[in-house]
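Q: Numbering-wise (my numbering), the sequence shown opens with residue 1 and increments by one.
Hints may contain errors.
DEER-style ranges, computed between Cβ atoms [what the hints assert, rightly or not]: (1) Leu247 to Asp161: 49 to 55 Å; (2) Gly314 to Ile155: 33 to 39 Å; (3) Glu320 to Leu276: 42 to 48 Å; (4) Val264 to Gln105: 41 to 47 Å; (5) Met268 to Glu320: 32 to 38 Å.
These are computed hints drawn from the structure, not numbers from a lab.
Model, not experiment: these values are computed from the prediction.
Beta carbons: idealized from backbone N, C-alpha and C, even for Gly.
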Amino acid sequence: MFPSTSPEAGRESWPAGPQPGPAAAATRGQPPGPRTGPATTDGDRRERGGPRRARRAGEPARRSEDEIDEPEEEVIPPVEVHRQLALTIAGFAALLGVGLVLGAQTSGPGHRLPFAFIIFGVQLLFVLAWTMAMRPPALLVVAGISAAVAALADIAAVQTDVAGLAPLGYLAAGGFLAAVLGQLVRRVDRVRVTDSLGATLLIVVGVVAFGTLIVLSRIPAGTQAITVCLTASGVALTVARLTDAVLPWPRLAPQVPRGAAGVVAGAMVGTLTSALLGSYLVAPFTPTRAAVIGLVAAVTAVLSDLAVGYAEAGRLMAGEPPTMWVARHMQGPLGGFALAAPAAYAMCMLFL
1 MFPSTSPEAG
11 RESWPAGPQP
21 GPAAAATRGQ
31 PPGPRTGPAT
41 TDGDRRERGG
51 PRRARRAGEP
61 ARRSEDEIDE
71 PEEEVIPPVE
81 VHRQLALTIA
91 GFAALLGVGL
101 VLGAQTSGPG
111 HRLPFAFIIF
121 GVQLLFVLAW
131 TMAMRPPALL
141 VVAGISAAVA
151 ALADIAAVQT
161 DVAGLAPLGY
171 LAAGGFLAAV
181 LGQLVRRVDR
191 VRVTDSLGAT
201 LLIVVGVVAF
211 GTLIVLSRIP
221 AGTQAITVCL
231 TASGVALTVA
241 RLTDAVLPWP
251 RLAPQVPRGA
261 AGVVAGAMVG
271 TLTSALLGSY
281 LVAPFTPTRA
291 AVIGLVAAVT
301 AVLSDLAVGY
311 AEAGRLMAGE
321 PPTMWVARHM
331 QGPLGGFALA
341 APAAYAMCML
351 FL
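The task is simple: from the sequences and hints, build the whole structure.
A: Structure, rendered in structure tokens:
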């Protein structure tokens with residue numbers, strides 16, 4: 001039995017030097033006391049996750065976490081805004097809007113073919129621009145099927161007994177399935193089919209969307225709705241691009257050569273133009289109703305044009321090679337009018 005000691009009694013520390021022989025022999029058989037060392041604080045204590053590794057000759061010493069410099073973020077310079085290019089796109093948007101509005105004025109009961117031919121020409125431009133810009137797998141197959149769907153949609157819009165969107169919806173679904181199956185035939189294109197489903201869907205639905213203008217021209221007050229909505233869309237796209245040529249500020253993104261001032265100014269001027277047209281048109285149009293449907297069409301067209309710019313910037317940042325210059329810059333206005341057409345149909349059915 002070992003003698004007990006009270007907890008208050010102090011304990012002797014181990015001597016610094018070696019013990020003499022007799023003393024060491026005297027303590028032999030005694031249990032060793034607890035080892036004590038110099039007092040350490042929490043700030044000086046370091047936890048070791050493993051054995052220390054000896055530093056080799058010439059190896060730099062480890063630095064603390066505070067001394068490690070974080071890498072600086074790469075600053076991306078903004079893309080230059082080309083004034084002549086913005087003016088050219090504005091002119092194309094204005095000509096496209098004038099052509100569609102004047103074509104709608106030629107439409108009448110039993111006399112829809114001239115307007116259908118104009119719509120078909122715009123659809124072919126849409127197919128050319130969007131297939132060359134987005135480059136889906138089996139490009140020629142997708143372009144051919146889209147052109148065929150456009151022709152069938154125009155025929156269905158003219159020849160059906162009751163004006164409606166159901167035949168156009170069936171054609172859009174069938175055209176999309178046919179385009180996907182055409183891409184699955186070749187093994188080279190089969191790998192990219194999943195990534196290109198969105199692009200194929202946009203191309204097929206875009207050409208069918210223009211056919212809604214023919215259906216709208218067969219509805220009472222539909223021709224006037226086309227005039228108001230497409231005029232608002234054309235003015236909005238033109239003013240937005242003209243503003244970008246003069247004042248592309250504030251920049252929405254460094255990689256997109258567009259400014260917020262152009263988007264806002266285009267939507268506002270397009271809405272004002274539709275309100276002015278509503279004051280000259282007959283019932284059921286009023287300046288308020290014309291302003292509402294013009295606002296929806298103008299905002300839809302401008303935002304679609306802006307979304308095309310973001311998509312193009314994303315493709316360039318992903319490392320894809322740039323596409324045909326003309327097709328790439330026609331894509332925005334054509335996409336804006338393609339989405340403004342079903343918006344005009346919806347607003348006409350809801351407010352008129």
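Q: The structure should be examined with respect to each hint, and the outcome stated for every one.
A: Now the hints, each set against the structure:
In this structure, Leu247 and Asp161 meet the distance hint of 49 to 55 Å, their C-beta atoms being roughly 51 Å apart. Between Gly314 and Ile155 the CB atoms are about 36 Å apart, so this pair conforms to the stated range of 33 to 39 Å. Under the hint 42 to 48 Å, the C-beta atoms of Glu320 and Leu276, about 43 Å apart, fit the expected range. The hinted window of 41 to 47 Å between Val264 and Gln105 is violated, with their beta carbons roughly 30 Å apart.
Separation of Met268 from Glu320 is about 35 Å and conforms to the stated range, judged on CB atoms against 32 to 38 Å.
Taken one by one, the earlier hints fail for this structure only at number 4.
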